[in-house]
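Given chain W's structure and the hints, the job is docking chain L onto it.
Number of protein chains: 2
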Amino acid sequence: MSEVAFLECTRCGQRLSPEGARTVCPVDGGVLFARYHLRSLRERFRPESLAGREATLWRYREVLPEVTPVTLGEGLTPLIPSREFPNVWIKDEGLNPTGSFKARGVSVALSVAKSLGFKKFVMPSAGNAGSALAAYAAAAHVEAHIFMPEDVPQANRIECESYGAKVNLVRGLIGHCARLAGERRDQEGWFDLSTLKEPYRVEGKKTMGYELYEQLGGEMPDAIIFPTGGGVGLIGIAKAFEEMEQLDWIGSSRPRMIAVQSEGCAPLVKAWNQGQSTVEPWPEATTIAAGLRVPRPYGDYLVFNLLKRTQGLAVSVSEEEIRCAILDWARREGILPAPEGAASLAAYRKLRGRWLSENDRVVLFNTGTGLKYLDVLKPRFEPRPRHMGGIIQPY
Amino acid sequence: MSEVAFLECTRCGQRLSPEGARTVCPVDGGVLFARYHLRSLRERFRPESLAGREATLWRYREVLPEVTPVTLGEGLTPLIPSREFPNVWIKDEGLNPTGSFKARGVSVALSVAKSLGFKKFVMPSAGNAGSALAAYAAAAHVEAHIFMPEDVPQANRIECESYGAKVNLVRGLIGHCARLAGERRDQEGWFDLSTLKEPYRVEGKKTMGYELYEQLGGEMPDAIIFPTGGGVGLIGIAKAFEEMEQLDWIGSSRPRMIAVQSEGCAPLVKAWNQGQSTVEPWPEATTIAAGLRVPRPYGDYLVFNLLKRTQGLAVSVSEEEIRCAILDWARREGILPAPEGAASLAAYRKLRGRWLSENDRVVLFNTGTGLKYLDVLKPRFEPRPRHMGGIIQPY
Numbered sequence: 013m014s015e016v017a018f019l020e021c022t023r024c025g026q027r028l029s030p031e032g033a034r035t036v037c038p039v040d041g042g043v044l045f046a047r048y049h050l051r052s053l054r055e056r057f058r059p060e061s062l063a064g065r066e067a068t069l070w071r072y073r074e075v076l077p078e079v080t081p082v083t084l085g086e087g088l089t090p091l092i093p094s095r096e097f098p099n100v101w102i103k104d105e106g107l108n109p110t111g112s113f114k115a116r117g118v119s120v121a122l123s124v125a126k127s128l129g130f131k132k133f134v135m136p137s138a139g140n141a142g143s144a145l146a147a148y149a150a151a152a153h154v155e156a157h158i159f160m161p162e163d164v165p166q167a168n169r170i171e172c173e174s175y176g177a178k179v180n181l182v183r184g185l186i187g188h189c190a191r192l193a194g195e196r197r198d199q200e201g202w203f204d205l206s207t208l209k210e211p212y213r214v215e216g217k218k219t220m221g222y223e224l225y226e227q228l229g230g231e232m233p234d235a236i237i238f239p240t241g242g243g244v245g246l247i248g249i250a251k252a253f254e255e256m257e258q259l260d261w262i263g264s265s266r267p268r269m270i271a272v273q274s275e276g277c278a279p280l281v282k283a284w285n286q287g288q289s290t291v292e293p294w295p296e297a298t299t300i301a302a303g304l305r306v307p308r309p310y311g312d313y314l315v316f317n318l319l320k321r322t323q324g325l326a327v328s329v330s331e332e333e334i335r336c337a338i339l340d341w342a343r344r345e346g347i348l349p350a351p352e353g354a355a356s357l358a359a360y361r362k363l364r365g366r367w368l369s370e371n372d373r374v375v376l377f378n379t380g381t382g383l384k385y386l387d388v389l390k391p392r393f394e395p396r397p398r399h400m401g402g403i404i405q406p407y
Numbered sequence: 013m014s015e016v017a018f019l020e021c022t023r024c025g026q027r028l029s030p031e032g033a034r035t036v037c038p039v040d041g042g043v044l045f046a047r048y049h050l051r052s053l054r055e056r057f058r059p060e061s062l063a064g065r066e067a068t069l070w071r072y073r074e075v076l077p078e079v080t081p082v083t084l085g086e087g088l089t090p091l092i093p094s095r096e097f098p099n100v101w102i103k104d105e106g107l108n109p110t111g112s113f114k115a116r117g118v119s120v121a122l123s124v125a126k127s128l129g130f131k132k133f134v135m136p137s138a139g140n141a142g143s144a145l146a147a148y149a150a151a152a153h154v155e156a157h158i159f160m161p162e163d164v165p166q167a168n169r170i171e172c173e174s175y176g177a178k179v180n181l182v183r184g185l186i187g188h189c190a191r192l193a194g195e196r197r198d199q200e201g202w203f204d205l206s207t208l209k210e211p212y213r214v215e216g217k218k219t220m221g222y223e224l225y226e227q228l229g230g231e232m233p234d235a236i237i238f239p240t241g242g243g244v245g246l247i248g249i250a251k252a253f254e255e256m257e258q259l260d261w262i263g264s265s266r267p268r269m270i271a272v273q274s275e276g277c278a279p280l281v282k283a284w285n286q287g288q289s290t291v292e293p294w295p296e297a298t299t300i301a302a303g304l305r306v307p308r309p310y311g312d313y314l315v316f317n318l319l320k321r322t323q324g325l326a327v328s329v330s331e332e333e334i335r336c337a338i339l340d341w342a343r344r345e346g347i348l349p350a351p352e353g354a355a356s357l358a359a360y361r362k363l364r365g366r367w368l369s370e371n372d373r374v375v376l377f378n379t380g381t382g383l384k385y386l387d388v389l390k391p392r393f394e395p396r397p398r399h400m401g402g403i404i405q406p407y
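Protein chains in written order, with the working numbering: chain W, 13 to 407; chain L, 13 to 407.
These aren't lab readings, by the way, just hints derived from the structure by calculation.
Misleading hints may appear alongside valid ones.
What the hints assert, rightly or not - As a list, the in silico DSSO-like pairs of lysine-lysine whose alpha-carbon atoms are at most 30 Å apart:
#  : chain 1 : residue 1 : chain 2 : residue 2
1  : L       : K282      : L       : K320
2  : W       : K131      : L       : K390
3  : L       : K362      : L       : K320
4  : W       : K362      : W       : K390
5  : L       : K390      : W       : K132
6  : L       : K390      : L       : K178
7  : L       : K178      : W       : K390
8  : L       : K362      : L       : K390
9  : W       : K320      : W       : K282
10 : L       : K132      : W       : K390
11 : L       : K390      : W       : K390
12 : W       : K178      : L       : K390
13 : W       : K131      : W       : K178
14 : L       : K178      : L       : K132
15 : L       : K131      : W       : K390
16 : W       : K362      : W       : K178
17 : L       : K362      : L       : K282
18 : W       : K362      : W       : K282
19 : L       : K320      : L       : K390
20 : W       : K320      : W       : K362
21 : W       : K320      : W       : K390
Isolated chain W (complex conformation) (with noise of 0.2 Å):
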């Protein structure tokens, strides 16, 4: 692995040690990205070398941290050709611990925290990142304190508490559960992983991009359609891409990258379409897209850097789109995805035939595993009675 050469702000452009915990930058409160020496690595780093590592993301382990892995097998996910879209692939990151690409993030952050001597941990959650802060907190054998909505799924509340995590409901959204948590934060000294205030989740999150570039054999994809909420996942593929131009392994040119939103919280969306820089905190969130309900991502401004920079797009799709590309991903892709992850086909029907052609190549992320949301599906599926036939009783 290697070391960290500084911190930089994504804002203001200052650079920071990376010695001990960091959170956001203290002139400007902007994220701070992790930086290291990569001209140095040409030689020694190469797409080459990856063939024998682990199955896991740590196989990138130039651009990663100098740590002791806390790891529970995350990274390297299929990346399926569709079997409806020519062109098309689906990277299915339903298949990480805990069933969704969050343990990337959370690998990373806590192996680097848990390093620097933290033992307790917080964070506000929607719901998968609380999962997988709970199970490696579990893993790692430090403490975990998780602030809900009091409607998250239910899936990820008992997870959570199987994990051992303290689980605390908040009557409100996931901005309430942020603001109670930074206060028993600063009263009890616990290492705080929420989203883009250390700078450690987005390198978890970035290895995404790598593993595009090597599942792809070295062709990268014409456009990538991401479910968006704090924005980390799209964040880090940038910054991936970024890093692989500076190690010469992709010129300039980048795939054009695609936010997606619900209509019920689709903060980006609006103010991309309106041209601003920053969003407007989106009013009474409600989407089945637990995920996306993040009425006001801390890392809008790059979001929208990275959109320009790649011209891409923020697109949103309603909470119908949303729910028949559940059903049609699961029978005619066999794969169940999350709703958040149906999103990025709902949202590639939306734009196929025009802001996209039929020939470009296209990545649709599914961020999570469909299991954790049959809540959703269950009333569509309901067994008829045992005296309606529903039921065969054998002679």
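Frame of chain W; chain L shown alone:
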């Protein structure tokens, strides 16, 4: 991939042509094993051959049938060192597509049957095998008919329906489902993917054995603990070891294989302890580990053969031990197991310091994700109601 040389009856040794659809031995109903020209593979299929190959079970292509794979990214699941016990690893099969090791067998068997032209499939299932068939059938754009006990875990049923499979609920156990499935198969000409009733689910499962070898760097463990319903997991792994010996990868010594069952359905343990070579059907089988609820495993003689060959053991654990092990594994390892998987931990605890020493290198198999069994955990984790302080009200 490799041409299958012939199919061999595991009872009478008769050799059959691999052409066309095969079920069991026409003479004595014995399970058929696929055999390859392993000696001729010795030179070109070495452990070193695997570096840089795809991160799925199809990386072992030389010892798999020559077909176009129907793949969802199955196999090469993490092998995680235990945080609780030195010298113990957990093989986390819950990170397979559809969340269980059943994906392996179905991927290979469906690929073969599809290549033979079959378009309609049938299977009786107590849970996860049905889920896997439903998903792979969806991916392959073929029909799946699944017969399940009416009290199958709800998650499995909803999952199968979501993938578009035709689910038939049966008042009874897996045996009743099998009988009804067999009748409809004969009427309709469906292809039967029942456990051990065709040769290729074993081929998928055996890749777990190759993975152990590869992930442990060629050093085999001293023992393997595997939850055992139909027994195909152990049977497959044992077959892999025989093949690896013929390939000159390993010698003739074997890890001791330990078959775990629940006290609520332990026909193999009972027969083993009584020195019998076939099981008597277990009456009134009940266990929360749905996959272990197999009162009369068809491959009983194969399980007994491999236990004898490896100086292994069949052992049962109580329902209470399984329930405790689920949460202990979650809280100490960060892995939320299926009840079947938790039975491995329960068995290890029982055998450690007695039949297994603390220095023995042991692999425990978690056969599936616990996410499908949250109903089992839910009653333990009901949140306190709001008026009792269970939900925080932000000011």
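Hint check:
no.	hint	result
1	K282(L) / K320(L)	holds, 15 Å
2	K131(W) / K390(L)	holds, 28 Å
3	K362(L) / K320(L)	holds, 20 Å
4	K362(W) / K390(W)	holds, 27 Å
5	K390(L) / K132(W)	holds, 26 Å
6	K390(L) / K178(L)	holds, 28 Å
7	K178(L) / K390(W)	holds, 16 Å
8	K362(L) / K390(L)	holds, 27 Å
9	K320(W) / K282(W)	holds, 15 Å
10	K132(L) / K390(W)	holds, 26 Å
11	K390(L) / K390(W)	holds, 17 Å
12	K178(W) / K390(L)	holds, 16 Å
13	K131(W) / K178(W)	holds, 14 Å
14	K178(L) / K132(L)	holds, 11 Å
15	K131(L) / K390(W)	holds, 28 Å
16	K362(W) / K178(W)	violated, 41 Å
17	K362(L) / K282(L)	holds, 17 Å
18	K362(W) / K282(W)	holds, 17 Å
19	K320(L) / K390(L)	violated, 40 Å
20	K320(W) / K362(W)	holds, 20 Å
21	K320(W) / K390(W)	violated, 40 Å
Hint compliance for this structure: hints 16, 19 and 21 are not met, and every other hint is.
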